[in-house]
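Top to bottom, those sequences are chains A and C.
Residues 1 to 355 in the UniProt record's numbering are what the first sequence lists, from first letter to last.
Residues 1 to 384 in the UniProt record's numbering are what the second sequence lists, from first letter to last.
Where hints are given, some of them may not hold.
[To be verified] Just so you have them, the derived chain C footprint on chain A, three or more residues with Cβ under 8 Å:
id	stretch
1	171-179
2	222-233
3	268-277
Hints in this document: simulated from the structure, not taken from any laboratory.
Backbone N, C-alpha and C fix where the C-beta goes; we use that ideal spot for every residue, glycine too.
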Amino acid sequence: MTGTAPAADTAGTGEAPTAFLEVRDLKIHFPTDDGLVKSVDGLSFQLERGRTLGIVGESGSGKSVTSLGILGLHNKRNANVSGEIWLDGKELVGASQSEVRRLRGRDMAMIFQDPLSSMHPFYTVGQQIIEAYRVHNDVSKQVARKHAIDMLGKVGIPRPDQRVDDYPHQFSGGMRQRAMIAMALSCDPELLIADEPTTALDVTVQAQILDLIRDLQQEFNSAVIMITHDLGVVAELADDILVMYAGRAVEQASVDATFHRPLHPYTWGLLGSMPRLDRDRSERLLPITGSPPSLINVPSGCAFHPRCPYRDLNEGKSETKRPELVEVEPGHKAACHLPLGRRREIWTDEIRPKL
Amino acid sequence: MSTSKTPAEKVSVDKAPAGEPRPIREGENLLEVENLGKHFPVTAGLLRRQVAAVKAVDGVSFSVRKGETLGLVGESGCGKSTTGRMIMRLLDPSFGKITFEGQDITKMSQRRLRPLRRDLQMIFQDPYSSLNPRKTVGAIVGAPFRLQNLEAEQGVKKAVQEILELVGLNPEHYNRYPHEFSGGQRQRIGIARTLALKPKLIIADEPVSALDVSVQAQVVNLLEDLQDELDLTYVVIAHDLSVVRHISDRVAVMYLGKIVELADRTDLYERPMHPYTNALLSAVPIPDPAQRGERKRIRLQGDVPSPLDPPPACRFHTRCWKAQDICKQVEPPLVELSPGHQAACHFPENTTVSATDAVAKAAVAPGAAAAGDAGSASAADSAE
Chain A
1 MTGTAPAADT
11 AGTGEAPTAF
21 LEVRDLKIHF
31 PTDDGLVKSV
41 DGLSFQLERG
51 RTLGIVGESG
61 SGKSVTSLGI
71 LGLHNKRNAN
81 VSGEIWLDGK
91 ELVGASQSEV
101 RRLRGRDMAM
111 IFQDPLSSMH
121 PFYTVGQQII
131 EAYRVHNDVS
141 KQVARKHAID
151 MLGKVGIPRP
161 DQRVDDYPHQ
171 FSGGMRQRAM
181 IAMALSCDPE
191 LLIADEPTTA
201 LDVTVQAQIL
211 DLIRDLQQEF
221 NSAVIMITHD
231 LGVVAELADD
241 ILVMYAGRAV
251 EQASVDATFH
261 RPLHPYTWGL
271 LGSMPRLDRD
281 RSERLLPITG
291 SPPSLINVPS
301 GCAFHPRCPY
311 RDLNEGKSET
321 KRPELVEVEP
331 GHKAACHLPL
341 GRRREIWTDE
351 IRPKL
Chain C
1 MSTSKTPAEK
11 VSVDKAPAGE
21 PRPIREGENL
31 LEVENLGKHF
41 PVTAGLLRRQ
51 VAAVKAVDGV
61 SFSVRKGETL
71 GLVGESGCGK
81 STTGRMIMRL
91 LDPSFGKITF
101 EGQDITKMSQ
111 RRLRPLRRDL
121 QMIFQDPYSS
131 LNPRKTVGAI
141 VGAPFRLQNL
151 EAEQGVKKAV
161 QEILELVGLN
171 PEHYNRYPHE
181 FSGGQRQRIG
191 IARTLALKPK
201 LIIADEPVSA
211 LDVSVQAQVV
221 NLLEDLQDEL
231 DLTYVVIAHD
241 LSVVRHISDR
251 VAVMYLGKIV
261 ELADRTDLYE
271 RPMHPYTNAL
281 LSAVPIPDPA
291 QRGERKRIRL
301 QGDVPSPLDP
311 PPACRFHTRC
321 WKAQDICKQV
331 EPPLVELSPG
341 HQAACHFPEN
351 TTVSATDAVA
361 KAAVAPGAAA
371 AGDAGSASAA
381 DSAE
């Protein structure tokens with residue numbers, strides 16, 4: 001459990017942390033005509049090399065904005081970013097654009113959700129990989145091309161020496177996603193962020209891509225952030241899990257603890273919402289009532305309280321006071337007003353038997 | 001379902017002219033689809049000559065009993081949505097026959113179809129693009145009344161508000177526009193419109209795949225409640241195998257325009273026979289870290305071949321780990337290998353019926369060759 005060790009000792013001091021990636025109190029706000037959209041509102045986590053962090057949440061929970069924030073892909077003119085992001089001893093929020101640009105692609109890379117819209121239709125797949133490689137490495141075109149072919153072969157594209165000259169539209173969805181991965185990995189990044197890498201893909205292809213990411217991680221010993229709404233995907237791949245709701249982390253734990261001893265009602269709700277192939281078929285799913293909140297009008301107190309079935313057990317604290325993310329067990333943090341013992345009881349007696 | 005017959009048999013037997021609609025009792029076939037296919041022409045050149053055909057659906061047969069839910073699963077491009085649209089007659093079939101309530105609707109004119117549209121409705125996948133942004137919820141849900149020239153007992157507005165309440169929306173939102181609603185609520189609006197005229201059969205094309213997990217569960221529960229309350233029959237098209245297991249009574253698995261397996265839910269998920277079904281099920285990520293690495297995962301190689309030029313004989317043979325020569329030469333017919341469990345495979349799993357038995361059985365069935373399946377190995381040999 002090194003991945004989500006408490007960040008308290010160095011938090012806020014501005015000192016370089018020991019962890020490979022550390023995010024401290026990250027806030028990303030977008031001022032709009034309708035009000036301030038608090039997409040990410042105080043997020044902290046750590047990640048070590050060779051580990052995989054799964055960030056889980058519904059649409060609008062701020063998980064993708066977090067990843068774009070780490071990569072510095074926000075337009076500074078319309079996004080207010082504060083907090084600290086430390087990558088291998090370098091602070092990124094205060095770093096200059098050109099410095100972040102040098103790191104992006106070489107030290108940190110991203111796999112986007114939709115491989116069709118994130119590749120340029122006008123250039124061949126090979127040209128796009130070669131460009132990314134040559135920006136960061138001073139090599140000739142021939143060497144870069146050879147490298148691109150190697151990468152395409154490594155991610156399992158058949159006949160890579162011919163397919164390297166194909167355009168993205170000539171690739172199938174799964175192959176395009178492989179090409180994206182090849183591009184992201186072309187400079188051996190130490191941090192790989194995969195934003196819903198398999199959502200647009202069929203399940204057999206999804207299994208191939210997940211295997212591929214796992215194999216490549218072992219080979220390069222990179223740190224991986226896997227952003228997804230699919231709990232099945234993180235259960236297969238992640239070491240640690242961060243559950244986000246309305247721009248904040250509500251639970252942070254190892255993958256075992258998240259699935260076997262979750263301590264936040266939202267996590268319970270997510271687990272109950274999914275029909276599961278590994279269990280006997282339940283008569284009814286247990287959905288969370290209501291829908292995710294607007295990030296302009298985040299509910300007062302605990303943002304989850306309008307949808308929480310246990311909000312009345314807290315003597316009104318849910319509506320007025322925001323619960324802090326506190327460590328309840330070693331390496332297991334949750335943000336909930338319910339007394340810990342009561343939460344454990346509810347999970348064992350009410351929730352788990354129904355899953 | 002007349003499961004003892006092969007699809008080919010039905011084609012040869014049911015030559016009766018289109019009958020009048022007859023009342024269907026619980027458990028009888030409300031919808032029958034026989035050897036249905038859709039080939040989209042690919043044209044080229046100035047004269048738009050047809051140079052090829054995308055065989056989106058290539059001869060599927062199944063039936064749907066009144067009151068049940070049939071799940072149609074498969075990967076993208078397997079023809080499941082095309083099948084749904086053909087049943088709705090939103091697409092004209094290239095061949096085959098669709099019988100709804102005992103009435104042949106395959107070639108029915110749009111004018112004669114109109115009264116049937118009341119009984120046959122569709123829920124679309126994307127709640128953002130399937131609702132007209134310039135119409136209020138009241139106008140959207142009330143449109144079916146207007147189109148069918150129907151007068152509701154207490155006025156259309158009252159009827160619409162009742163339906164809104166039924167699907168869990170606030171009836172006071174009658175005058176709001178779609179953009180004021182969240183994705184889950186919009187899908188409920190789509191469902192309300194579908195239900196407006198109390199249909200008998202609903203084709204739901206990926207009804208929950210655009211929704212968040214927590215909201216997805218709400219809509220799945222809603223669909224089940226409505227089925228009980230209004231005595232509905234569903235054909236649910238989806239790619240998510242766990243959702244399909246949850247809501248279906250029977251499940252058909254499609255691959256490249258063909259049904260490869262069709263069985264009861266429990267049978268299919270516990271004893272899948274077709275290798276493709278096995279591969280699909282093993283590929284679903286299981287939300288339980290304890291099972292990581294313990295499950296036997298079947299890794300399929302490559303992608304689904306193009307429906308422009310599907311592989312000959314068994315279409316799965318290019319990716320199948322059990323494929324042998326016979327799979328490249330003889331197309332396995334969809335036959336019943338155990339009661340209520342049909343599969344199209346020469347080497348099925350989880351069954352005592354050997355491949356040769358199944359093939360021989362198909363060869364005995366009259367007209368098997370007519371369905372485009374070379375019925376047995378000997379038939380293929382003599383053709384060569």
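Here is what the structure says about each hint:
Figure legend: the stretch 171-179 of chain A, annotated as covered by chain C; annotation consistent (4 residues with Cβ-Cβ distances under 8 Å, at least 3 required). Taking a C-beta to C-beta cut-off of 8 Å, the stretch 222-233 of chain A contributes 5 residues in contact with chain C, enough for the three needed, and the coverage statement holds. Under a criterion of three residues with beta carbons nearer than 8 Å to beta carbons of chain C, the stated coverage of the stretch 268-277 of chain A is upheld, 9 such residues being counted.
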